[in-house]
Amino acid sequence: MIRRGKDYISYRIMLMTIILCVCTSVLLIVLGIIAIDTKKYGFVFLIFSIVYVLIGYASYRWIYIPYKENMKVYRLFIDGYTLSGIFEQRMFLSPEQEQVINRFKEEMNINALINTSKKQAEYLALQNQINPHFLYNTLEGIRGEALHAGLFNVAKMTEALATFFRYTISNLEHLVTLEDELNNIENYYIIQQYRFEDRLNLRILSDPGDEKKMLKYKLPKLTLQPIVENAIYHGIERKIGKGNILIKLESTKSRLIITVSDDGLGMEPDKVNELNRRLNSFSLDYIQSKENKGGIALINVNRRIKLLFGEEYGISIYSTLNAGTDVEITLPIITK
Amino acid sequence: MKEEVLRLQNVTQIEDGVTFLQNFNLYVFKGEIMGLLCLNDLGKEALINLICRNIPVYYGRIYLNEMLINNYEHSDMRINKVAVIDKNGSLVEDLTVTDNIFVLRRGFKKYYINNNTLNKQLKLIFNELNIKIDGRAYISDLSQYEKCVIELLKAYIGGYKLIIIKDISNYIGVNDLGKFFELLRYFCSKGISFLYVCNHHEEAFRICDRVSLMENGKILKVLERREFSDENIRPYIVEFYNLDKIVEKNTSESKGMLTFSNVWSNNLNGMSFSVEKGECVVLLDVNNTVLNDIVDIMNRTLLPGSGSIYLDGKNFLDPKNKRTLSDAVGFINEQPTKSMVFREMSYIDNLCFLVDQKNSIRKYNNSIRNSIIQEYKPLVGDDIYAEDVSSLSNASIYNLIYYRMHLFNPKIVFCLQPFYRADMYLRKHILTLLNKLKQKGIAVVILAVNIEDSLVVADRLIIIENGKFLKEYKRPAFDQLTNI
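Residue numbers (the working numbering), protein chains in the order written: chain A, 1 to 336; chain B, 1001 to 1484.
Treat the hints as calculated values from the structure; they're not laboratory data.
Positions of the beta carbon are idealized from the N, C-alpha and C atoms, including for glycine.
Be a bit skeptical, because a hint or two may be false.
[Claimed, not checked] Restricting the straight-line Cα-Cα distance to at most 25 Å, the calculated cross-link-like pairs of lysine-lysine (BS3-like) are:
(1) K72/A x K1322/B
(2) K1030/B x K213/A
(3) K1030/B x K253/A
(4) K1358/B x K336/A
(5) K1002/B x K218/A
(6) K1190/B x K1081/B
(7) K216/A x K1002/B
(8) K253/A x K1190/B
(9) K212/A x K1358/B
(10) K1123/B x K1190/B
(11) K212/A x K253/A
(12) K248/A x K1030/B
(13) K213/A x K1123/B
(14) K1358/B x K1322/B
(15) K253/A x K1002/B
(16) K1218/B x K216/A
(17) K253/A x K1358/B
(18) K248/A x K1154/B
(19) K1132/B x K1109/B
[Stated by the list, open to error] Simulated restraints on C-beta separations:
(20) N273/A x R1206/B: 49 to 59 Å
(21) E1224/B x F77/A: 34 to 44 Å
(22) E1375/B x P269/A: 30 to 40 Å
(23) E211/A x F1181/B: 29 to 39 Å
[To be verified] Anything over 10 Å on all C-beta distances counts as not near chain B; from chain A, calculated:
(24) I13
(25) Y81
(26) L83
(27) Y233
With the hints as extra help, turn the sequences into a complete structure.
And the structure:
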């Protein structure tokens, strides 16, 4: 949709200035000739008025509007709304400015940002593990002992925990299928159930006709788990009574929409606004932030999605105090 | 896989420093009715304008049929192929139904128009949809419901895939609304999508597949059909039932403050009902035909063909009683903020507007005015000193109109569609004001085409169908009202 023109605003300014100069010169010459001959200016003024109006309109459409659009993108960049918008301007001021911005893009190295986000995800996933492989092996050992002693619940819990860790510590480079992510969530749910018992209820809903197809769609690893974890720790843990988490899957021709809803405590409007502002902001300050893991995890997931797939994808949050929170994740359809 | 017809993504719309839409997300799928339940009005018009036309947005992206049509970087100002059905309508009143549907549409290029052929085509469509409207009828002769049907058909025939239905229950009756819903379902099956904008969750739950709750230009929650319940929506809406104590009138006294007996007029067909002193009665006209007749008769601009009307024990239709009963009846119009406020007058002059003409007050002077200020200042606050009423909030202007009536103290007040186009907060405020009138012993008649929230203050509900009394429900029986 976004078309980059071959010309630049500065060229257009020059062109319009030349046209304006030529027209003014011609006007003065014609007026001079007429003044000598007939002293009738009306018709000439009419013609040139039309010409000047056309020049004015063309300047507005060709120069002012593109310039205004650029300024708007810069303002949004300053406010932290957009990053890629800077590189996708419809028209640049001059070839030099285009080169500067391209150079800036290379220097910024989006891959580095992606890696930073990935590292942050790994860090969040592993921060409680001194030695994940040691822990994983130990868990297998505990499971064996539990089975031997007939403690099947302990064995099941240990298996879930081990599977969860294995999934978490394996390579974060690749995208995984939605099926893998949901299996991981189910594992995570099994672990949490030992703590919350029947206070916690997880449901996954999708259109029966599309379910098989949707499970094959790919998404960045550990997209869902931090969001479910947030729903439990910030929404349901402190709630009196039962808490429900619903994962709803929908797909269109181009998008996969996953909504994680909880009926927990919800958030104050100011907090929701602040969170949504941070989700739309492109600063990396959140990594240095001393805030709790949940908030960072959500922003980190959002950042990874936006960096990998573009600004039109990502996370939106709706929340009402004492009603619950919905986290809507929008992803592109990726099958390979 | 669902087909997406409309998507607004992270849209922020700021105009003159006012944020109308904030990080707004909405998507509508093919063949679905998406509800937009507006808890207040902020952002509603801006959203509709934005869907209909690619006007600049501060941030965000808008897609129509999965095509990016508008974004924060560039807005081409084009008009999108989206139809809007609202009270103002887009039909030409002086043309026929056929002309409006077939001739007045984009891409119609015929030089010779064969009305017979067009009428035949229209008849086929009408037969399929079981619609009984004459294609040769003029739009001005149609009812509001019929106009809505024609707008819907016009949009369908014009190839519109997305239709916005705005606040329709405000102007078509309950029965017609049911029929209209059937039509919407039919068109959904043809792949048309609807954005159903309304202020009442009960209404949205009846027809929508999903409902987005919007407040202050933000989405609070998206509810799926399986989640449609009062319990699920309660945390998001204003609780109406914690108003000041609702004055309940014992309706067993049947002296009759106002009595209509077998009244006939253009649209009234032997209408009979009575209203007691201090009672609140809702007259629900399911066909939306008789409300204006009742107002005109009580305003003495229409004389009924036959029947009798007694007000406060006196024959209302007897010209001799015209002067004595002139202070007995008050009216509050639909959308009174537009028609019942004198913008060039101060608040207090507006408030005293009716009382200074009252027969019982022989001399309206400054001491009376000061007494009124003393009496009403605790109720309306410092607004009472306002010189320019245009600068007041909507709620303050409603205060002015209802307290004017409170001060005038008629025997009975007729409120025509009091909740018309009012958002949830304003509706609660109007209920409080209606309750104040009741507390003063003024009988209140709410003339409505939709129950909306009026039952919160009502003592009785009278249902009128085809211009005559159909049924009556007293307050204890309101719980049984499920199908209206």
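>> Run the distance test for K213/A versus K1123/B: straight-line Cα separation, threshold 25 Å.
In response: Measuring from Cα to Cα gives roughly 44 Å; hence the hint is violated.
>> If I claimed the Cβ atoms of E1375/B and P269/A lie 30 to 40 Å apart, would that claim hold in this structure?
In response: With Cβ atoms ~38 Å apart, the hint holds.
> Has the hinted range 49 to 59 Å been met by the Cβ atoms of N273/A and R1206/B?
Replying inline: violated (32 Å)
> Against chain B, does Y233/A keep a CB gap of more than 10 Å to every residue?
Replying inline: holds (21 Å)
> Is K253/A within 25 Å of K1002/B, Cα to Cα?
Replying inline: Within the cut-off at roughly 7 Å; holds.
> Taking 25 Å as the top limit, are the C-alpha atoms of K1123/B and K1190/B close enough?
Replying inline: Judged against 25 Å, a Cα distance of about 19 Å means the pair holds.
>> Just to be careful, I want the Cα atoms of K216/A and K1002/B compared with a cutoff of 25 Å; is the pair within it?
In response: Holds, because 17 Å separates the two Cα atoms, which is no more than 25 Å.
>> Need the status of pair K1030/B, K253/A: alpha-carbon distance at most 25 Å?
In response: Distance ~12 Å between K1030/B and K253/A Cα, so the pair holds.
> Straight-line Cα separation of K212/A and K253/A no greater than 25 Å?
Replying inline: holds (15 Å)
> Holds or violated: are the alpha carbons of K253/A and K1358/B at most 25 Å from each other?
Replying inline: violated (68 Å)
>> Is the claim that Y81/A lies outside the interface with chain B correct, judged by CB distances over 10 Å?
In response: violated (5 Å)
> Minimum Cβ separation between L83/A and chain B greater than 10 Å?
Replying inline: At about 13 Å from chain B, L83/A clears the 10 Å cut-off, so the statement holds.
The earlier numbered hints that this structure contradicts are 1, 4, 9, 13, 16, 17, 18, 19, 20 and 25.
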